[in-house]
Amino acid sequence: MQTLAPKNPKDRFEVYRFFNGLSAEAREGLDQRRARVPLVKTFLLEHVAYRGNVQPKQAERIFRELGADVRKIEDCFMGLSFPVQDESGQTSQVTTGFVEQYDERFFAYYTCELSAEAKERVGKWVLEPDLDHSWFSSPLLQALWDLDVSKRGDDRYAKLGFCHESKFDIPEDFASLDETSEEEAEETSEDEETTEDEESSSEDRLKPERYNARFQMADRIREIKGALSKLQDNYAPLHVIDMLRLPSHTGHGGHDLYQNGQITNRTDSFEDHRNTVRYLYRIYKSILERTEESAWHGTSEPHALRFGTKGTPLIVNFPAPLSEPTFNRWVEKAFRKKGPFKLWGNPMRLGPTKVHVYGADRHLWQPINLEMTSRGIVAILPKGTCGNTFHRLVTNIQRYVCPDIRAWIGSEPFKDMVRQWPANVEESDAA
Amino acid sequence: MQPEALLKDPVFQLNLLLWMAKKQPSEGYCVWPLFSDLEFEIIFIEHPYTFPEETRQAIASSGLDIGMSPEPDLILWREGDNRALYFEAKANSFGAVSTNARQARGHLVASGPAFSEVFVPQSSCLLCYVIPNEKRGQMSDCLATLTDELENNGFEPGPFSCHGLSLEGRGITYTWDSAFKLHTGTAQNQIVIVNDVSEVTDPSPLILLFSDEDCGNLEDRDRYRRVVIERVRACLLCDLHSLSVGKTYETTPEMILIRTTDGLFEYWGRKNQKGLQRLVQESIFKRIFDHWQGKQTGVSLDGYRLSITWNMIAEKKSFLDWLEDHRRTNFAAARLPVDATPDLFDGSR
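Just so you know, the sequences run in chain order A and E. Sequential numbering from 122 applies to the first sequence in our numbering. Sequential numbering from 2 applies to the second sequence in our numbering.
What the hints contain is simulated information worked out from the structure, not anything from laboratory work. Since this is a predicted model, take the numbers as computed values, not measurements. For each residue, glycine too, the CB sits at the ideal point set by N, CA and C. Take every hint as true, because none was put in to throw you off.
Lysine-lysine pairs mimicking BS3-like chemistry, simulated, CA-CA at most 30 Å apart: (1) A/459 to E/317; (2) A/504 to A/406; (3) A/458 to E/296; (4) E/248 to A/193; (5) E/182 to E/9; (6) E/24 to A/504; (7) A/280 to A/351; (8) A/240 to A/280; (9) E/318 to A/245; (10) E/287 to A/458; (11) A/458 to E/248; (12) E/9 to E/24; (13) A/504 to E/272; (14) A/240 to A/406; (15) E/248 to A/504; (16) E/248 to A/245; (17) A/178 to E/248; (18) E/317 to A/458; (19) E/317 to A/240; (20) A/178 to E/317; (21) A/245 to A/280; (22) A/406 to E/24; (23) A/459 to E/318.
A few chain E positions that, by computed beta-carbon distances, are all more than 10 Å from chain A: (24) 118; (25) 136; (26) 145; (27) 190; (28) 214; (29) 273; (30) 274; (31) 287; (32) 295; (33) 297; (34) 300; (35) 302; (36) 312.
Not the full set, but computed from the structure, chain A residues with beta-carbon under 8 Å of chain E: (37) 479; (38) 501; (39) 503.
Construct the entire structure; sequences and hints are all you get.
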């Protein structure tokens, strides 16, 4: 199911009209429970320039370096085309989507490619150090639920997704398991969803039982409001919100926001979708700037007197300590090239369950210093390192290590920091 | 691992002081943020101090043995009432006739009225010596003797305070005296600053300092140098990953240390600067050059200037794969022999 985007739109409004038509058709398909066209989706991307050392690049240049044929439509709006193979195996240059540059740092990539293809394409882009996903951690999704979605009308429908995979957990009786065979199994399934076939073929392999919790909760807002906190109190993985649907203000359906900044349009209006994306962009941007303001460890410039350091650490605590084998597995895997944490470093042992790492964020190639213990993690962000690193770290710790964490930046609880949005982020947007 | 040994390690002590000035949560803190809670901020770390001209002349003509270039380990300042804390961390106490007394006289004079002339206008300063707790009394006696001596010779030394570190049960306790209580307004006498200390785990928080000294944990003597090496290596990797094929990257020990320390390096004392530059040159740059000499023509070391140019993508990949692999790079962190050339790194930038 491939839908061709306009190749030579004369302005952004032609693109809007195309996506509007597609959104209406997709909504109709959803209502009839039959997918007719792919859903329109947006990836909110961050351009990561190592501040103070590297000049930010123009969006056109970034996407050209990623292999795109870039067609500038307006100053901050451009079409991207890539060679795409069709069902018959023929390769042709196809417009896969459009990039709108919201500011020097944030880009929105609007696309109607199928979800798997779009994710794969964006996944390749963010492997390069210029771009990263925006990271909507669980505390931020929880804040969006508490402060916004839960107030959009008790009779509206909302949806939340939850996901925790205890990737590093080793039960005590598996501590002596042959790591190699297990690692092989892990490596194959690390970056992609495991299919049922793969699962059945590995049935006979000896693998430790780990919990892997995936849930979705779709109901009227009133019902979710009444149940959510009680459920979370009783089952820790429900603290890991990995998807939140923001019901449309103007009509049916909503916008599904994922932790990696993907927003899928399930309404019949592209303008409504774009307004939501821009609303989320303003929230995320303000939180990121606050993170950096608090966290950057470096010279304090505004005061001529000071040549010391400022900046506060990210501190994450687990409610119960990890076992020693689990801790060791976490440390070993966290610094692998293909590991979910995408960190580089050489762990220095300070004890059986304590290491220090003066390393780098492998994804962005920016420095980060970490203390990892069985009870949590402490991270210091050198000045200039993108605050995204902290948000990705919190997201991945909750998803893969411990679902119910307590985190602070300095003395401020992380969950409070992500609830402080400026007053002017309201959703309507004329731009 | 003997945690008591660390309490005598000035780098460990100073690192604790820095953490105590960082905002942290009251639950889940790494080191109890005593100074941050008292609203003190870090303004200088290991920053050389130059006396006002009148004081310098008075010292020169006094006949007393007073250190002319004091270098406080740390200075904290509270904006609300313009009060400052001037720290010196020591492994042990000393007597009024020891060689350390020269440095202590310098600190006492520097923390008097001269302090507000040099550092913070109208501020009042308290000199704080941090030592193992059992030596606090002796340290205090020595500073009192030196204060009397300076006053008798017409100087105005600043007030002083002695702070102790001790291991009590499973915690590291920080203890202070009435001078500190008076200066800061705290009512307490001591506090546990690090919890869950055990024989098998080193209690150090992340190292915020850059030092080429030996670590007080004898089983891990090279730790501080390894920390510097890892931080410089991370900085090099971050720079080099964004270097395009055909472009040239050039750096010197001084330049990479300025980058790695976010500029703080420029404000440190000459001795510390020089030790770190030697470490980077000998342990990292020479090792890089020795390994790649004859393998990649674009890697050269001209004096202190390391230069890297890749002619093809395969060269970049193999260089970065090697630099990322600590087993293959095997940068040596052992203490370097004493350097006989005093100005080795002058003009190396």
